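K.L.:
Sequence:
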Amino acid sequence: MYENTVPFKIHSDYTPTGDQPQAIEGLIEGLNAGMRGQTLLGVTGSGKTFTMANIIEKTQRPTLVIAPNKTLAAQLAAEFKAFFPENAVEFFVSYYDYYQPEAYIASTDTYIEKDCDINDEIDRMRHSATSALLERRDVIVVASVSCIYGLGDPSDYKDLMINLRQGMICSRDAVIRKLIDLQYVRNDFEITRGAFRVKGDTLDIFPPSSEELLTRVTFFGDEIEKITEVHYISGKVMWNRNYAVIFPASHYATTKEKLDRALVTIEEELEERLAELREQGKLIEAYRLEQKTRYDLEMLSETGFVKGIENYSRHLTRRKPGEPPYTLMDFMPDDYLLMIDESHVTVPQIGAMYN
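With our numbering applied, the sequence shown corresponds to residues 21 to 375, in that order.
Keep in mind that a hint or two might mislead.
[Unchecked claim] Distance ranges between label pairs, derived from CB positions:
id, residue 1, residue 2, range
1, Met55, His364, 18 to 24 Å
2, Thr323, Asp135, 40 to 46 Å
3, Asp193, Tyr131, 52 to 58 Å
4, Pro368, Asp137, 37 to 43 Å
5, Asp135, Thr37, 20 to 26 Å
6, Val257, Asp135, 25 to 31 Å
7, Tyr124, Gly220, 47 to 53 Å
8, Val26, Pro368, 32 to 38 Å
9, Tyr131, Met55, 48 to 54 Å
10, Val365, Glu141, 24 to 30 Å
11, Asp140, Ala102, 40 to 46 Å
None of these hints come from the bench; they were simulated from the model.
Keep in mind that this is a model prediction, so the values were computed, not measured.
Beta carbons are placed, not taken as given, at the ideal position from N, Cα and C, and that holds for glycine.
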């Protein structure tokens, strides 16, 4: 793990001036003393981002930067990428372009299914952020307040990943079965992110975090002969690799053991809720709930995935009622730095969304 890590190093023609050296020294002293919170004050244009970049360079710790909205998050990400071109600067914001929650109107017996439009590029960047956090330490994640929203269990995300190395004894079919467990979809005609295709002894995988490169694994019998990264359109070989790490196609991927247990606990909760509704005389609501949930259970049992799987995340991650969900923060290492931009706006937002 952490084979791709390189030290944080600022690339800039500027050096700290004015009050910046004093601020950097004071903040680092506070970190070393174990202070949980510190505030950096400065007017617009005073170089606060550059000051924080220097703290990251001096501490060499993975960092989560939270901004109050997508626009400021994108601006900060661009600035940090300019300061740290050799390191992983990732972007993690809500991937919904449109979202309509599910609803039921009992008076007209109308069920409105949840509908949403997911931005594919932002989804790619979210996967890039979580996979980078498990592959290297030189990571800066710039996020909006949506980073406190639920994700899957990071331990499952890590345990399910596939490590492939040149010369490894592993059959093509075994890798395919693992990819299906990771919720990849086979498509031998038009490959997209989160899919794979098979042509003879060649297996092409399009990771959800990749922008335009496929991971091509070539087998000779039951041995991995070669691993390359190729352009998904032209097929041109861009890189030769000694190894590849394949992460799940969904943040909600889980082990078969946990999935089987989740099916049982979902069924148990369904029966409890149906009994409550029937006791209250809400027979139509009970019928609709049973119809929807049993369909979801069947889909989970057959495919391991269902639209709206986040509704069952508590069962999939074995959490008790009322327990907080796993979030991006659970993917961060224990010693990470948390920086909150425009904290007078962001902190109240976090509090409001948390509650």
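K.L.:
Each of the hints needs a verdict: does it hold here or not?
P.N.:
Structure-based check of each hint:
For Met55 and His364, the hinted distance range of 18 to 24 Å is satisfied, since their beta carbons lie about 19 Å from each other. For the pair Thr323 and Asp135, the beta carbons lie near 20 Å from each other, so the given range of 40 to 46 Å is not met. Taking 52 to 58 Å as the suggested C-beta distance range, the pair Asp193 and Tyr131 does not conform, at roughly 41 Å. Remark: the range hint 37 to 43 Å for Pro368 to Asp137 is contradicted by a beta-carbon distance near 29 Å.
Here the CB-CB span from Asp135 to Thr37 is close to 52 Å, at odds with the stated 20 to 26 Å. Distance hint check: the CB atoms of Val257 and Asp135 are about 41 Å apart, inconsistent with the given range 25 to 31 Å. Restraint check, Tyr124 to Gly220: a C-beta distance of roughly 50 Å satisfies the suggested window 47 to 53 Å. Between Val26 and Pro368 the C-beta distance comes to about 37 Å, which sits within the given range of 32 to 38 Å.
For Tyr131 and Met55, the Cβ-Cβ distance of about 52 Å falls inside the hinted range of 48 to 54 Å, so the restraint holds. Hint check: Val365 to Glu141, Cβ distance near 26 Å, so the stated range 24 to 30 Å holds. The supplied range of 40 to 46 Å is broken by Asp140 and Ala102, whose beta-carbon atoms lie about 25 Å from each other.
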